[in-house]
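Peer 1: Chains as they are written, first to last, in our numbering: chain A, 12 to 314; chain B, 12 to 314; chain C, 12 to 314; chain D, 12 to 314.
Hints in this document: simulated from the structure, not taken from any laboratory. From a predicted model like this one, the values you see are computed outputs, not experimental measurements. Here a beta-carbon is modelled for each residue, glycine too, at the ideal position from N, C-alpha and C. Some clues are possibly wrong.
Restraint-style ranges between C-beta atoms, simulated for each label pair [claimed, not checked]:
#1 A:Gly238 x D:Ser262: 44 to 50 Å
#2 B:Ala99 x A:Phe266: 24 to 30 Å
#3 B:Arg226 x C:Gly238: 22 to 28 Å
#4 B:Arg132 x C:Arg105: 40 to 46 Å
#5 C:Pro139 x A:Ala190: 55 to 61 Å
#6 A:Lys236 x D:Ala99: 48 to 54 Å
#7 D:Gly282 x C:Gly167: 39 to 45 Å
In silico BS3-like links for lysine-lysine, alpha-carbon gap of 25 Å or less [to be verified]:
#8 D:Lys152 x B:Lys152
#9 A:Lys236 x D:Lys236
#10 B:Lys236 x C:Lys152
#11 B:Lys13 x B:Lys152
#12 D:Lys236 x D:Lys13
Residues per chain, in single letters:
Number of protein chains: 4
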Amino acid sequence: VKLHGIIPPLATPLDDRGAIDVGSLRRLVAHQLDGGVDGLFLFGSTGEGPLLSDAERAVVLREVVESVAGRVPILAGVMDATPARVVAHAASARELGADAVVAVPPFYFTHSQLEILSFFRELARMSPLPVVAYNIPVFVKTSFEPATIETLAREGAIVGLKDSALDLAATRQIIVRTADLPDFVVMTGLEQMVDVAVQMGMAGAVPGLANVAPRSFATIYAAAKAGDYARARQEQERMVRLMDIVRQAHSGQSFIAGAFSGFKTALTLLGVIESSRMHAPLSELSVAEAERVGAVLREVGLL
Amino acid sequence: VKLHGIIPPLATPLDDRGAIDVGSLRRLVAHQLDGGVDGLFLFGSTGEGPLLSDAERAVVLREVVESVAGRVPILAGVMDATPARVVAHAASARELGADAVVAVPPFYFTHSQLEILSFFRELARMSPLPVVAYNIPVFVKTSFEPATIETLAREGAIVGLKDSALDLAATRQIIVRTADLPDFVVMTGLEQMVDVAVQMGMAGAVPGLANVAPRSFATIYAAAKAGDYARARQEQERMVRLMDIVRQAHSGQSFIAGAFSGFKTALTLLGVIESSRMHAPLSELSVAEAERVGAVLREVGLL
Amino acid sequence: VKLHGIIPPLATPLDDRGAIDVGSLRRLVAHQLDGGVDGLFLFGSTGEGPLLSDAERAVVLREVVESVAGRVPILAGVMDATPARVVAHAASARELGADAVVAVPPFYFTHSQLEILSFFRELARMSPLPVVAYNIPVFVKTSFEPATIETLAREGAIVGLKDSALDLAATRQIIVRTADLPDFVVMTGLEQMVDVAVQMGMAGAVPGLANVAPRSFATIYAAAKAGDYARARQEQERMVRLMDIVRQAHSGQSFIAGAFSGFKTALTLLGVIESSRMHAPLSELSVAEAERVGAVLREVGLL
Amino acid sequence: VKLHGIIPPLATPLDDRGAIDVGSLRRLVAHQLDGGVDGLFLFGSTGEGPLLSDAERAVVLREVVESVAGRVPILAGVMDATPARVVAHAASARELGADAVVAVPPFYFTHSQLEILSFFRELARMSPLPVVAYNIPVFVKTSFEPATIETLAREGAIVGLKDSALDLAATRQIIVRTADLPDFVVMTGLEQMVDVAVQMGMAGAVPGLANVAPRSFATIYAAAKAGDYARARQEQERMVRLMDIVRQAHSGQSFIAGAFSGFKTALTLLGVIESSRMHAPLSELSVAEAERVGAVLREVGLL
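Excised from the complex, chain A in its bound form (with noise of 0.2 Å):
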């Protein structure tokens, strides 16, 4: 599996009781891949992944290989506070037919840049299916530093990045790091910079947005890969705007359960899923916030 192209961060919906919402899910699924995208990606932060139970994720990985059946790779997140179920969500992630697993450096205790070498170095001991790394510092709160990506990198220990910090100088220090490594892939997950992502020579993007809008990812995506930065950029800055949705939450919710609740709003709006609520503890926008997302949606022209 050679990673490229728009792989979103699926939402998991819910229905009105909490539980998996498999209806939802399917349409879900079909909002993407008629959207033109290239993978996707379960049990990230967009999809809530951390909070859900193992049972849970059976349901929503079962339901999604088989509704995508292998027209594109599946990635499943397998990020625990314990390595040892790492390693079982990796067993368990290929057994249910994923192609990758995507985990973070361990985190809770803040480790070491050896620490957490020595972390994925056993995770690709261990893991049945290739390891693609996961740099999110404002959940991990740890540095991932480039010396340590370019080496787990070199090693074979990991396959990709999945780059979501907001450092991009950063990034670009990996990318020139392991240029002469043609199997290794670097994806960015910041939704607002996929044209620029392509110009510096990424493979593709993991964005949250595009939940809400695959095709427009899509076509920012060929168009830079196309040269057409002029194109891109236009299509990219509609996303710029359409991110207000993250920022609609102003009654007690956590930014992330703001910025999640955001798409899964946007989603119901879009009759794509049935509902907008999250998992538990994180809370979901008021009715009147849920109406500040129609509004960006109708002033980018989605609705």
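Go by the hints and put chains B, C and D onto chain A.
Peer 2: Just chains B, C and D now, with coordinates in the frame of chain A:
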């Protein structure tokens, strides 16, 4: 169970292959009880709790319950990434004989105070054991505000607080705000501040360093409770000097690995446990670093 | 000058046009001296020192020197961005009659411990007045490590430390490390911890809240010095409740503007100063917020 | 003055006694103009601006105004702790011949967005020169939010933004929000992202590394402006490798001293300036570290 006094967060001794070392664990528990401690807290940070598998947790808890034989209360940490697993840990802790559970606010995602309230209310509803809240922002990386803690205490969702935040002024706010709740206890996790904690009105302390010197901490607590703050301060300052054992790691370990490995190294030098091995991926002290731990033990007269 | 006791960081009263209000300043100094304070610290954070022009600083220092008339020592903050100006402030403080200067590590750029040492050594060489080091990481945003402070104390470059860091465990490390230096004093800046500071062996406190309630802080200090910790704690807890006046700003002010404006508002309600006006660009409390400050004053019996 | 292109933040050459080295400064200016830069920015971070005395600033600005002789615009940083001094720097910059001033939000205290607005509005009112806002959270340590910047741009209080924040997604938000303001320019301070900045629609860049390699940055800018992103990226990646000169300090310097001293060291090795001396209290590279800077220069073909 109304907690008071010195309740060490027990280290988890491992053998040289990384498995739970039950013999060392038994000696460590005896070392604590001989030192006069008033409870034991398993699976805290010092116990590398978040890194332990379910099987490892069960081995430890069974052994400690048997060794303690009801002489002091046993608290079990239930920190985990997934809310469903926090509840599962609580059920298992009850089954295996713990007296209370200790839970941090949800981590990885940065939750709002509203979401933290929701998390603890649900945990209180689901847990078969009383819940002690644990404020340790250095790991959880989310503020757990005095007003939130007061609300949970007032609702009876939590029976106490272990506060390992550095900001004792905030702790004092909590003490003043909950002064009318006779059954709610506040304990400090700060090794250097046990005498002060008693003076401020806290019920006790959960100091990692008490693994090494339980009798010293029992002395500080007893002297302070008796109003002999001069004696308490004298022994407390000896413990401030002993804390230098957490600062001897300089060969690529995380601070936390260096600190907890410092405790384990001291316990091996005192003949209590066999090995200073840390749970993967945390790394332990080098031989040269362990020698400096020995030097600190000698300086304060423990060796 | 050997510092001890309660040394309030004096607020800088402004009139409604933003100029130094000398009459209010005179009454504020009298309020402090009547309250039994042991010194005055000008141009600290509470005094909005870094925002004052040279001319404003001179007006304040001249007036306070004249009002105090040698009854207690006067410390002058010399915080500034440019090292040459820190030295110039020290020269001017000497000329205008201060007894010591108070300096933070260099800020804006993030300096290393080596560079902080170099800064204080040069300041000690150039300053005509003794230098008190001021650790306030919330503003300086650089760690000022116990080992660095110990080195400066041992060299005689600094005669004392005002520690406003929240981490009292680190302060305690400094106290223990400098216990053999009889002329070196450590004072806390934490309003909520004055009794504790005395118990830990500190020489006194520099609490902003003492502007409002100097007599209460003098009482806490005297009771704790006399070993009557129960009495000290009782009055200290009253001050913990009074600190709610720093948390009443909810209309766009910075936390710091809300806090210091809270002090000034309380002083206007007590009839000590004329206006709660803050130095530009800091904003003051709204009328509704000021009413809540009044409510807090009434709750603790000051109004 | 409408800014565009490459505007290096000029280093401030010092001689071995720490005084401004006017001869080196003259050669450095010539090196920049020969390299094809479009402006010069004095007293930025790279220029150690906040550490310079008024006299030192005047020497530098006079010399640069004379050397440049009107060929490119000159911007003068006016960062200082006290608002009155920021205004005084602006007056002095005008008098000595600068074309615009560059100001950061107030620092030391952590100001709110409302207070930042107030600061810039007052500066705009008082400054005899147009004001460029400078967002550099690594030093200012306060968020300067896109909405705040948009407001100031829309009011005409600022004519441009130099954005050195790492978060280019936020910069992009600013670009989109101010796209209808034809006279407002956004420039990046990120050395590694100049091609990307042009692609995103920025007017240019203010890269510290351009001190060392002005011609390379002029090439990147020109190629990107011409739509030749492949050529721009190629030279940009060479500059990413050259940035390793900022990471060679390992003997107690702050990161910033190591970085800026890396620039100065490279300039001495290229024969442009005499000494890599830094302004006190910043420390410079050791001889061994300077050799590694030389090795990097050789790797990218500059030596």
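Peer 1: Confirm or reject each hint.
Peer 2: Evaluation of the provided hints:
no.: 1; hint: A:Gly238 x D:Ser262: 44 to 50 Å; result: holds, 46 Å
no.: 2; hint: B:Ala99 x A:Phe266: 24 to 30 Å; result: holds, 28 Å
no.: 3; hint: B:Arg226 x C:Gly238: 22 to 28 Å; result: holds, 26 Å
no.: 4; hint: B:Arg132 x C:Arg105: 40 to 46 Å; result: violated, 60 Å
no.: 5; hint: C:Pro139 x A:Ala190: 55 to 61 Å; result: holds, 59 Å
no.: 6; hint: A:Lys236 x D:Ala99: 48 to 54 Å; result: holds, 53 Å
no.: 7; hint: D:Gly282 x C:Gly167: 39 to 45 Å; result: holds, 44 Å
no.: 8; hint: D:Lys152 x B:Lys152; result: holds, 18 Å
no.: 9; hint: A:Lys236 x D:Lys236; result: holds, 19 Å
no.: 10; hint: B:Lys236 x C:Lys152; result: violated, 37 Å
no.: 11; hint: B:Lys13 x B:Lys152; result: violated, 28 Å
no.: 12; hint: D:Lys236 x D:Lys13; result: holds, 17 Å
Going through the hint list in order, the structure does not satisfy hints 4, 10, 11.
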